[in-house]
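J.: Keeping their order, the protein sequence lines are chains L and P.
According to my numbering, the residues represented by the first sequence are 1 to 224, in order.
According to my numbering, the residues represented by the second sequence are 225 to 391, in order.
Just so you know, these hints were derived from the structure itself, not from any lab.
By construction, the Cβ of each residue, glycine as well, lies at the ideal position given by its N, Cα and C atoms.
Ranges between beta-carbon positions, derived for each pair: (1) N229/P / H121/L: 20 to 26 Å; (2) Q289/P / S59/L: 47 to 53 Å; (3) A168/L / V244/P: 30 to 36 Å; (4) E273/P / A30/L: 46 to 52 Å; (5) E276/P / L118/L: 53 to 59 Å; (6) A30/L / E276/P: 47 to 53 Å; (7) N42/L / M230/P: 36 to 42 Å; (8) A291/P / I57/L: 55 to 61 Å.
Simulated pairs of lysine-lysine, DSS-like, Cα-Cα distance not exceeding 30 Å: (9) K256/P / K44/L; (10) K252/P / K75/L; (11) K219/L / K256/P.
Sample of chain P residues lacking proximity to chain L, with all beta carbon distances greater than 10 Å (derived): (12) Q274; (13) A291; (14) R294; (15) V301; (16) A304; (17) Q331; (18) D337; (19) A341; (20) L352; (21) I360.
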Amino acid sequence: MHEIGAHHVAQIAGFSFNMDTLYMTWLAMAVVILIAFMATRNLKLVPTGWQSVLEMIMSALLDQIDATMGPKGRKLAPLIISLFLFILISNWLGLIPTLTSPTSDVNTTFGLALMIVLMLHILGVYFKGMNYIKHFFQPFALFVIINIIEEVAKPITLAFRLFGNILAGEILIIILLMLVPIWMPVPSVVWLAFSIFVGVVQAFIFTMLSMSYLANAVKDDHHD
Amino acid sequence: MVDINMTLVAQILNFLILVVILTKVAYKPLMKALAEREEKIANSIKSAEQDEIAAKKLLVDYQKQLASARIEAQEIVDKATKLAAEEREAGIAETRAEIERMRKSAQADIDRDRELAVAKLKGEVVALSMAAAAKIITSNIDEKVNEQLVSEFIDKLDAEKIGGLPC
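Just need the whole structure built from these sequences, with the hints factored in.
T.: Listed below in C-alpha cells is the structure:
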C-alpha cells in the first residue's frame, strides 16, 4: 500500500532531495508561467479571458498590499502575487488523481515561510536600521524573550498551517476512496469541491500573513 | 512524513526563479497595461469635464445672444411701429390740408362764378332796362300803353328765370 506523505528521496551530491515534490513544483511553476503567458500574450485595453482573471487577482492583491504595506509595498508586489499564484496552483494540483501538491511537503511550505521571515528581518534592518533591532527590546529588555518566541513562531505557524491543511486534504481524499464504495462517489466529490475552496483559502491566508509580516519591516511608522 | 532536507533550499530557489520569470512575463506588462488604462480613463474623464464646461459656456453664450437678439428685434418692431404711426399722422395731416385747399379753391371758384354771373346779370338787366326804356320812349303813346309795356317786361323777366340768386 502507498504510504501517505512518503517521498521518493534521491541523493544528489551528498544532499537528499524529495524528487516527487520537485517534479510537482516544476509542474506547478510551469502551469503558473503558462497562465501568466496566456494572460499577457495579447494585452488589451478591455481585458478578456485569462487577462481579466489575472488582473482581478493582481488588483485585489495590490489593493491589500497598498493597504497593509504602504508605498514601499509595491516593490514586493511581484513576490506577493507570485506567492499567491504558486501556492494556489500547488494546492489545486493535489486534487488531480496521481498528482500530489508541492505544498503537502513540509519542505516547500517551510522553505517559503523561512524565505518570507528572512526577508522580513533583512528588509527590516535595511529600511529601519537600529530602530528595527531596538523594537525587539521594547517596552523593556526582558520582552526580547517573548519577541524571539514570536519571531520563531512566525515561520513555523505559517509553514505548518499550509502543510497540515493540504496534506490532510490529500489524506482525506485517499481515505474517502478507501472507505466509500466506488458506486457511491458523493462524499469524495463533495470533499474535492471543498478542497478547491480550501486551496484558495490557504493560499490567501499564507499570502495575507506574509504580507502583514513583511509590512512590519516595510511600512513607515513615524508614530513610534 | 515531516523530514526536512535539501528540498527546502531547492524550493526556495525554485520559487525565486518563478518570481523572476513572473515579474518579467506577467507583472511588468500587466502593470503597464493597468497604468495605461488608468491614464486613458483619467484622460477621458478630464476631456469629458472640459467638454461639459465648454458646453455650459456655449449655452450661456447662446442664451445671451438670444436675449440680445430678442431685445434688438423688439427695438426694430418698436421703431417700425413708431415710424408707421408717424407716417400715418403725416398722411392724415396732408390729406386734411389737401381737402382744405380743395375746399378753398372750390369756394373761390364758386364766389368768382357768382360774381361773374351777378355782373353779367346786372349788365343784362341794364341792357334790358335800356331796351325797355327805349321801347317806352319810342312808343310813348300814352300812359296806358307805357304801363302795359313795363308789366310785360317784368313778366318776361320772370319767364326767363333769373331767380334763385340773391340779387
